[in-house]
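Undergrad: Listed below, chain by chain, are the residues.
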Amino acid sequence: MKKIIFVAGVSVIGGFSLLPFLWFVTTSWKTATEISAIPPVLWPSFHWEHYHAALVQHGLLHYIANSAIVAGATTVVSIVIASLAAYALARFKLGWGRYYLLLLLALSMFPQIAIAGPVWRLLSALGWLNTYHGVVAAYISLSLPFATWVLTIFFKELPYDIEEAALIDGCSRWQALRFVVFPVAAPGVFTAAILVFIHAWNEFFFALIILTYPAVQTLPVGIALFPGEYTMPWGEIAAASTIATLPLVALTLFFQRRIVQGLSAGAVKG
Amino acid sequence: MKSSSDPVWRFLAPSFLFVVLFSLYPIIESFRLSFYRMILTLPWLGQKFVGWENYQDLFSDPVALQSLLTSMAFVAVTTPMEVLLGLGMALVLNESFRGRGWLRAIVLVPWAIPTVVASQMWRFIFNDRYGLFNFVLFGDATDRYWAPLAEPGLALLSIMVADIWKTSSFAALIILAGLQGIPRELYEAASIDGAGAWQKFRHITLPLVKPALLLALLFRTIDALKVFDLVFVMTQGGPADATNVLQFYGYKKSFAEGMIGYGSTIAVAVFLLSLILSLIYIRLLGARLLAQERPT
Chain A
1 MKKIIFVAGV SVIGGFSLLP FLWFVTTSWK TATEISAIPP VLWPSFHWEH YHAALVQHGL
61 LHYIANSAIV AGATTVVSIV IASLAAYALA RFKLGWGRYY LLLLLALSMF PQIAIAGPVW
121 RLLSALGWLN TYHGVVAAYI SLSLPFATWV LTIFFKELPY DIEEAALIDG CSRWQALRFV
181 VFPVAAPGVF TAAILVFIHA WNEFFFALII LTYPAVQTLP VGIALFPGEY TMPWGEIAAA
241 STIATLPLVA LTLFFQRRIV QGLSAGAVKG
Chain B
1 MKSSSDPVWR FLAPSFLFVV LFSLYPIIES FRLSFYRMIL TLPWLGQKFV GWENYQDLFS
61 DPVALQSLLT SMAFVAVTTP MEVLLGLGMA LVLNESFRGR GWLRAIVLVP WAIPTVVASQ
121 MWRFIFNDRY GLFNFVLFGD ATDRYWAPLA EPGLALLSIM VADIWKTSSF AALIILAGLQ
181 GIPRELYEAA SIDGAGAWQK FRHITLPLVK PALLLALLFR TIDALKVFDL VFVMTQGGPA
241 DATNVLQFYG YKKSFAEGMI GYGSTIAVAV FLLSLILSLI YIRLLGARLL AQERPT
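Going down the list, the protein sequences come from chains A and B.
Numbering-wise, the numbering used here puts 27 at position 27 of the first sequence, and it's gapless, one number per residue.
Numbering-wise, the numbering used here puts 53 at position 53 of the second sequence, and it's gapless, one number per residue.
Treat the hints with care, since some could be wrong.
Stated by the list, open to error - Quick list of simulated restraints, FRET-style, between CB atoms: (1) 9(A) - 52(B): 25 to 31 Å; (2) 52(B) - 22(A): 49 to 55 Å; (3) 236(B) - 250(A): 51 to 57 Å; (4) 184(B) - 9(A): 17 to 23 Å; (5) 178(A) - 206(B): 56 to 62 Å; (6) 283(B) - 178(A): 21 to 27 Å; (7) 126(A) - 184(B): 36 to 42 Å; (8) 31(B) - 126(A): 18 to 24 Å; (9) 215(A) - 206(B): 50 to 56 Å; (10) 195(B) - 257(A): 46 to 52 Å; (11) 153(B) - 49(A): 36 to 42 Å; (12) 161(A) - 9(B): 25 to 31 Å; (13) 236(B) - 53(A): 22 to 28 Å; (14) 225(A) - 195(B): 53 to 59 Å.
Claimed, not checked - Lysine-lysine pairs mimicking DSSO-like chemistry, simulated, CA-CA at most 30 Å apart: (15) 252(B) - 48(B); (16) 156(A) - 210(B); (17) 226(B) - 210(B); (18) 210(B) - 2(A); (19) 226(B) - 252(B); (20) 200(B) - 3(A); (21) 93(A) - 156(A); (22) 200(B) - 2(A); (23) 200(B) - 210(B); (24) 3(A) - 48(B).
In short, the hints are calculated from the structure, not lab data.
Ideal Cβ positions, reconstructed from N, Cα and C, are used throughout, including at glycine.
Assemble the whole structure, with the sequences as input and the hints as a guide.
TA: Put into structure tokens, the structure is as follows:
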């Protein structure tokens, strides 16, 4: 009896999490008639037209490239900046270090709208609207709080003796970070990088206001503003959505243990 | 190259630079702009200082009030639901069974999906002519089908459903981390004393997982106040401003209408609201951090 309830619980949770999205994915393989059929068609006819239309007519590859550049650059630069800061916060005896961490925590909670106008004006004054570096600069500041927190926690947990030995042997702090701490902390750094990447890949609000030219827009903007005047091209939207989500589902399946660890480190240990 | 010769500021300078330029300065600038009247995209028209006028407008703006209430309703409904569902998921995931790794990965799927994709997906499910939602409710009787996203009473509920689906798994992960911190021996001891499953849950699990529940609730509250993507894609704030949450209203005024002065006033109001919540949060959890001893 207890087992039946448990199996039912597992099925409900699995179904709740997966079925709505699977339904949308199967829509991408249906013909227009199948999409609007009542009763709904459960098994699609594996019609690949929508993928062709999304990739060729709507230039989805272009959006994918933009997203990859923006999310990739954001991840690399944020992790470097956050690692430097986290190292200092974890290892130097700074009286105000913890207040800086609290400031970052507070910043991460503020709604984007609170800074959106001035950020837009700043980027506009710099001539950085509709550029990769403009949106990456905004994203770095969004991801620094989380990355710094997680990395500070990881760095604090590392044993100090190897590093101390390196420092005594004449390494500078910089060399110790680069050659001793960074390699040992690689799993933690990688976890933070995955989470920053997923966040940057999915971010929509700042992408929407900073990137108004289709040539530089990222996937979420492309999918949100998918053109369709009279009838929604659901098959194509579903195809584009499936493609946009594929890298994330792959990352999640491969690295679920790390993701869970990273999220709970950021949340609970803080 | 002695260790003491490396100044700490070199490690922190890049972080400071970004925080100051893209977080602190913009917040201060939002405050300043809230006292001006200007058009975002026409900066050459100049900015006119109008004092508290934008704030007077805000307090007499019925749409702003409705927007505040909508955001509050959104937070009040979604966050408890998400924590409750998250607790259920976490309790199942905390058991050891075959395929647990798979279930944990599946639970992460809604969290990993771009919110914009989840929004389009739910918009499709809530479609008025062939959405799965209508089929489940009414079957073949297409004449009875609803248009949930076009009805003021249902549109907000639809967005809530989408948000609960998208973010319950995040709550589940935080709660799961809390559950994993409960020592097994407590349950074993309770079993020896003859406690049933419910008694164990009520007297061991619940009190010990409370901090994690609180944390999940606060995280979700702060995030729910920022809801934007779902509204932008599913309803554009409509119908009749029924889903016009604060963040969307601020966006609409500042960027769609270009009224950056008034938009900034809304931004300041949202900011102060979040600040109050953040301070509560930091008081509850940051105290532990401040008390913590530094390593080495």
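Undergrad: If a hint holds in the structure, say so; if it does not, say that too.
TA: Do the hints match the structure? See the list:
1. 9(A) - 52(B): 25 to 31 Å: 55 Å, violated
2. 52(B) - 22(A): 49 to 55 Å: Since the Cβ atoms of residue 52(B) and residue 22(A) sit about 53 Å apart, the hinted range of 49 to 55 Å holds.
3. 236(B) - 250(A): 51 to 57 Å: Roughly 32 Å apart at Cβ, these two residues miss the hinted range, so it is violated.
4. 184(B) - 9(A): 17 to 23 Å: Since residue 184(B) and residue 9(A) have Cβ atoms about 21 Å apart, the given range 17 to 23 Å holds.
5. 178(A) - 206(B): 56 to 62 Å: Distance hint for residue 178(A), residue 206(B) is violated at roughly 47 Å.
6. 283(B) - 178(A): 21 to 27 Å: Cβ of residue 283(B) to Cβ of residue 178(A): about 38 Å, so the range 21 to 27 Å is violated.
7. 126(A) - 184(B): 36 to 42 Å: 56 Å, violated
8. 31(B) - 126(A): 18 to 24 Å: 21 Å, holds
9. 215(A) - 206(B): 50 to 56 Å: Holds, at about 54 Å.
10. 195(B) - 257(A): 46 to 52 Å: 32 Å, violated
11. 153(B) - 49(A): 36 to 42 Å: Because 38 Å falls inside the window, the suggested range holds.
12. 161(A) - 9(B): 25 to 31 Å: Holds, since residue 161(A) and residue 9(B) (Cβ atoms, about 27 Å apart) stay within the stated range.
13. 236(B) - 53(A): 22 to 28 Å: Holds - the Cβ-Cβ distance for residue 236(B) and residue 53(A), about 25 Å, lies within 22 to 28 Å.
14. 225(A) - 195(B): 53 to 59 Å: Holds: the Cβ-Cβ distance is about 56 Å, inside 53 to 59 Å.
15. 252(B) - 48(B): 21 Å, holds
16. 156(A) - 210(B): 26 Å, holds
17. 226(B) - 210(B): Holds. Residue 226(B) to residue 210(B) sits at ~25 Å (cutoff 30 Å).
18. 210(B) - 2(A): Within the cut-off at roughly 25 Å; holds.
19. 226(B) - 252(B): At roughly 14 Å apart (the allowed maximum being 30 Å), residue 252(B) and residue 226(B) satisfy the hint.
20. 200(B) - 3(A): 18 Å, holds
21. 93(A) - 156(A): 12 Å, holds
22. 200(B) - 2(A): 15 Å, holds
23. 200(B) - 210(B): 14 Å, holds
24. 3(A) - 48(B): 70 Å, violated
In terms of the numbered hints stated before, the structure departs from hints 1, 3, 5, 6, 7, 10 and 24, listed from lowest to highest.
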